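**Q** So you can see what is in the structure, the chains are spelled out below.
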Amino acid sequence: SQKIEQNSEALNIQEGKTATLTCNYTNYSPAYLQWYRQDPGRGPVFLLLIRENEKEKRKERLKVTFDTTLKQSLFHITASQPADSATYLCALLNNAGNMLTFGGGTRLMVKP
Amino acid sequence: DGGITQSPKYLFRKEGQNVTLSCEQNLNHDAMYWYRQDPGQGLRLIYYSQIVNDFQKGDIAEGYSVSREKKESFPLTVTSAQKNPTAFYLCASSRGPNQETQYFGPGTRLLVL
Numbered sequence: 001s002q003k004i005e006q007n008s009e010a011l012n013i014q015e016g017k018t019a020t021l022t023c024n025y026t027n028y029s030p031a032y033l034q035w036y037r038q039d040p041g042r043g044p045v046f047l048l049l050i051r052e053n054e055k056e057k058r059k060e061r062l063k064v065t066f067d068t069t070l071k072q073s074l075f076h077i078t079a080s081q082p083a084d085s086a087t088y089l090c091a092l093l094n095n096a097g098n099m100l101t102f103g104g105g106t107r108l109m110v111k112p
Numbered sequence: 001d002g003g004i005t006q007s008p009k010y011l012f013r014k015e016g017q018n019v020t021l022s023c024e025q026n027l028n029h030d031a032m033y034w035y036r037q038d039p040g041q042g043l044r045l046i047y048y049s050q051i052v053n054d055f056q057k058g059d060i061a062e063g064y065s066v067s068r069e070k071k072e073s074f075p076l077t078v079t080s081a082q083k084n085p086t087a088f089y090l091c092a093s094s095r096g097p098n099q100e101t102q103y104f105g106p107g108t109r110l111l112v113l
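Read top to bottom, the protein sequences are chains Y and B. Going by my numbering, the letters in the first sequence line up with residues 1 to 112, in that order. Going by my numbering, the letters in the second sequence line up with residues 1 to 113, in that order.
These aren't lab readings, by the way, just hints derived from the structure by calculation. Please read all numbers here as calculations on a predicted model, not as lab measurements. All C-beta atoms in this analysis are idealised placements derived from N, C-alpha and C, irrespective of residue type, glycine included. Worth double-checking, as some hints may not be accurate.
Just a few of them, taken from the derived set where beta-carbon distance is under 7 angstroms, the chain B residues facing chain Y [what the hints assert, rightly or not]:
{"hint": "1", "residue": "G42"}
{"hint": "2", "residue": "L43"}
{"hint": "3", "residue": "L45"}
{"hint": "4", "residue": "N84"}
{"hint": "5", "residue": "T86"}
{"hint": "6", "residue": "L90"}
{"hint": "7", "residue": "F104"}
{"hint": "8", "residue": "G105"}
{"hint": "9", "residue": "G107"}
Isolated chain B (complex conformation) (with noise of 0.2 angstroms):
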């Protein structure tokens, strides 16, 4: 059964605390993306991932970091750097670098306490 994992579909942050969210994939896509939703808003990228160990910066990466040592993961670290963390965060795999036909992840709701 192929797909993308998000784990935990809920999580809370206290003041102060560097939290991961957890993405995996085993559809064998070489790129992978990071996403956030605010209510009633589209999504905009945070980062993205062409090939292992390479990623780049997308439209709203400060605050948040990322690796990807591995082809099917690509783990989200929402910093202490980051005031405004409450949101719904979507991780996305293409086949390709190219952008074309993304297939999302559940999503994890980040709260702040």
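Just chain Y, with the same shape it has in the complex (with noise of 0.2 angstroms):
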């Protein structure tokens, strides 16, 4: 069946420190991966997308790695600070190319 693991224990880390998030899937060919940030109550927000054939994108203190073969994307954040605490969700196209399929999320606490 298709899954999309993130961790769904808490990510503690210290102010400044770099941030790593893992989403992994299985039984998904997805053409592109998103990744979102939801505060608590409230809607997620898009912060990047990287496409099947991208390796690496950037985005100021945002980077995300997307391998096919090991069936992972890697969400980090660099020189993060406390306001970057979170959930960050992982999305994927489903094989259908009709749903985006989002993981569970993982919750980033960024300790000043």
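From the two separate chains plus the hints, produce the assembled complex.
**A** Structure representation (structure tokens):
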């Protein structure tokens, strides 16, 4: 069956360090993968999209990698700040190309 | 000021009652979506619409109904057939039907009395 796995345990890091979040998937051949940020009680906000033919994408302090062989995406936040504390969701286009499927998200806590 | 609005922010449902959640967008997007989010869980797709007067079931459509009579509006009705409706409901839209970059509303929290 198709599955998207994100670490359900919260990730706690110190301010200034690099946070690395993982998104693993099985039985998908996604044309692209997306990362969203969600704050408590609010809707997700789009951050980055990376296509299957791209290895890496950057946006300011954010970096996403996409390894279609390992079936894994890594999401990095460099020089993390307490304001980066939120839940981060990865999302994949399903094989039929008609639905975006979300992982369960990983909560990031950046301590000052 | 473009965006997606959802109302109400909180909604209470009595047993056996149908309730309707509103979703409006002024982004001129063709596609709209409804998701359900349970505590500590990811988003699950209820229904989506790629064009006016057309919609498709998502993964968990049972107990829900939608309509898409206008491009900017995509209301969701939670019927009495939905036995566990307590959740956070999120509406989203995207420019086209290829599902890229979805823009989300602020959500409606539905509680059962």
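**Q** Look at each hint and say if it fits the structure.
**A** Now for the hints, and whether the structure bears them out:
no., hint, result
1, G42, "holds, 4 angstroms"
2, L43, "holds, 4 angstroms"
3, L45, "holds, 6 angstroms"
4, N84, "violated, 18 angstroms"
5, T86, "violated, 15 angstroms"
6, L90, "holds, 5 angstroms"
7, F104, "holds, 3 angstroms"
8, G105, "holds, 5 angstroms"
9, G107, "holds, 5 angstroms"
Violated hints for the displayed structure, listed by number in ascending order: 4 and 5.
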